[in-house]
Amino acid sequence: MITALAPTNLESQRTPEVVLRVHDLRKVYGGARVVDGFSFNIQRGECYALLGPNGAGKTTTLRCCLGLTEPDGGQIELLGEPVPERARHARVRVGVVPQLDNLDPDFSVAENLLVYGRYFGLPDATIRARIPSLLEFASLAHKKNAWIGELSGGMKRRLTLARSLVNDPDLIFMDEPTTGLDPQARHLIWERLKQLLARGKTILLTTHFMDEAERLAHRLAVIDHGAKIAEGIPRDLIRSHIEAHVVEVYGDGATEWAQGFDRSDVSRLEVSGETAFCYAADPAPILRDLETRPQLRYLHRPANLEDLFLKLTGREMRDES
Amino acid sequence: MSSLQQTPTSLHPTTEDQARRRNVLFAAPRPSRRFIPVWRRNYLVWRKYLFERVLSNIIEPLITLVAFGYGLGSLLPDVGGASYLQFLASGSICMSVMYSAKFESLWGAYSRMETQKTWAGIMNTPSSIDDIVLGEVAWAGTKALVTGIAMLLVIWGLNVARSPLTLLALPVVFLSSLTFSAMALIVNSLARGYDTLSNYFVVVVTPMVFLSGVFFPVEQLPGWLRAIAQWLPLAAMVDVVRPLILGHLPGHLLRDLALLVGYGAACYYVALILTRKRLLK
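Sequence lines, in order, name chains G and X. Just so it is clear: in the first sequence, position 75 is 74 by numbering that gives the first Met the number 0, and no numbers are missing. Just so it is clear: in the second sequence, position 268 is 267 by numbering that gives the first Met the number 0, and no numbers are missing.
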């Protein structure tokens, strides 16, 4: 058991049942409603994911919750404290993994943890006592004295995760924690986040990786244009919005095939680029038809969160802004 | 939670929104002990390069004083009752201290704010922008004070001045450094890139050195430039530090200190407002 990360009885007592309440949050930037009447609650011990295309208002929502952006309307209560008024007091018990690593390049791995812990007002002795278990958690014990420049992307991300735990937070904000990582590094981060949840930590996660949300999130909200368009348990959401089976058809002539296809066999058929997506409760007729067309290639799979996401937010590209 | 606001958000900020934003930006400085970890962070980086830093702090003034003071000074008459070497030494301690504070609060602070995003990391903790700005000013003051002490050691070592009054220059060095740092942090908060910092140096800092009596007495300037010079913070610093190095009491101590404190306090507040404006989007 890694003691520095284990919740004490005292902590679980002081953490409120609802860790974060956001009601009717609104934020306008330069004539655009970036967050437009968004409400959600996060229960203690759950992993709640915000899913949305670029520019949907995810990061702005996080900044508002941390008290770093002044909302134009609505109420936020973080760990029982009103935000932004008492955000600083709430942040004592919050950890943040930002979208872009901002590790201190002037310091070694261990020094990064020490210096960051001081910003929380922790005594050096307390931080030094926690460093070995934090490094072990991040699988970086062997890199204790390495410089930040020597670390791989995955190692930096793990160190950022360890750094967000230096104050033993009750709630951890993670803004796209695995963006830019290779699959191995991503799986390691997921495994660590599950460990944190097992220890009773609460996580607010933003992501646009559907498998990430599907694996980690107890509940999620799909947001677009600053407003919530769906919320619930991932499997329930998929079941209620999407047909059980998806057949993706691609290869030469896929789009022509889609145009001529008897649509009574599918509930929904969408063409995106060179691929036709067929959504059906019973895939048998489509599969029989495809057997007779060797020039077409296809993939039959169960519906997933990505299908839900694309159905709710559309297939067109979003601007990065 | 308090009462609900059900009115739809306007696309344009209402007067109420603007007033709230103003209150956040213009709030009085809220100093807290949390500036200390910010100071310690910068100190820890500095300590890693201690040897190089101290060496350059000593070698640079040595070169200036030996080359200009002895070389040029031997060709020049006494200035105001002191040798040119003494005149130059007492001016260049002010210049070096100012450069030290400015560099730290321009290139140093800008790197931490923009390039490394160190400040963004700090803002996710209970420390706030007010703590960061205070920590940066205090750190720049400390670093420039070390520069001042190194200069004083060179001045003593070369036997340019030995009066015990020279020690009284150090509190003035520290105070002036805080002022210079606060001024630089205004530029930092408005900078669009490293070019802004260089431009400020060329357009503001370097001319100020020539107008403040570092290399030659202010009296040599034409009347209109002298009128400007008497309001410059570096001129006020030189006006106090030079007599102390040369072994007598400054003539306009209260006026000069009031000028330095006034500039410092005003610039600190403005830097704070502009930094909040930049980072609390």
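Since the hints were derived computationally from the structure, they do not count as laboratory data. Be aware that a few hints might be false.
Within a straight-line C-alpha distance of at most 30 Å, the following computed DSS-like cross-link-like pairs (lysine-lysine) qualify [stated by the list, open to error]:
hint, chain 1, residue 1, chain 2, residue 2
1, G, Lys227, X, Lys47
2, G, Lys143, G, Lys310
3, X, Lys47, X, Lys116
4, X, Lys47, G, Lys193
5, X, Lys280, G, Lys142
6, G, Lys143, X, Lys47
7, X, Lys280, X, Lys116
8, G, Lys155, G, Lys193
9, G, Lys143, G, Lys155
10, G, Lys193, X, Lys116
11, X, Lys116, G, Lys142
12, X, Lys116, G, Lys155
13, X, Lys116, G, Lys143
14, G, Lys155, G, Lys142
15, X, Lys280, X, Lys47
16, G, Lys310, G, Lys227
17, X, Lys280, G, Lys227
18, G, Lys227, G, Lys143
19, G, Lys193, G, Lys143
20, G, Lys227, G, Lys193
For each hint, the structure was consulted:
1. Lys227(G) x Lys47(X): At roughly 49 Å apart (the allowed maximum being 30 Å), Lys47(X) and Lys227(G) break the hint.
2. Lys143(G) x Lys310(G): Given that 30 Å is the threshold and the Cα spacing comes to 46 Å, the pair is violated.
3. Lys47(X) x Lys116(X): holds, 20 Å
4. Lys47(X) x Lys193(G): violated, 38 Å
5. Lys280(X) x Lys142(G): violated, 36 Å
6. Lys143(G) x Lys47(X): Given pair Lys143(G), Lys47(X) holds - Cα atoms ~17 Å apart, limit 30 Å.
7. Lys280(X) x Lys116(X): holds, 15 Å
8. Lys155(G) x Lys193(G): holds, 19 Å
9. Lys143(G) x Lys155(G): holds, 12 Å
10. Lys193(G) x Lys116(X): The hint holds at about 28 Å.
11. Lys116(X) x Lys142(G): Cα-Cα ~23 Å, so holds.
12. Lys116(X) x Lys155(G): holds, 15 Å
13. Lys116(X) x Lys143(G): holds, 22 Å
14. Lys155(G) x Lys142(G): Holds, at about 11 Å.
15. Lys280(X) x Lys47(X): Violated, because 34 Å separates the two Cα atoms, which is more than 30 Å.
16. Lys310(G) x Lys227(G): holds, 14 Å
17. Lys280(X) x Lys227(G): holds, 22 Å
18. Lys227(G) x Lys143(G): violated, 42 Å
19. Lys193(G) x Lys143(G): Holds, at about 24 Å.
20. Lys227(G) x Lys193(G): holds, 26 Å
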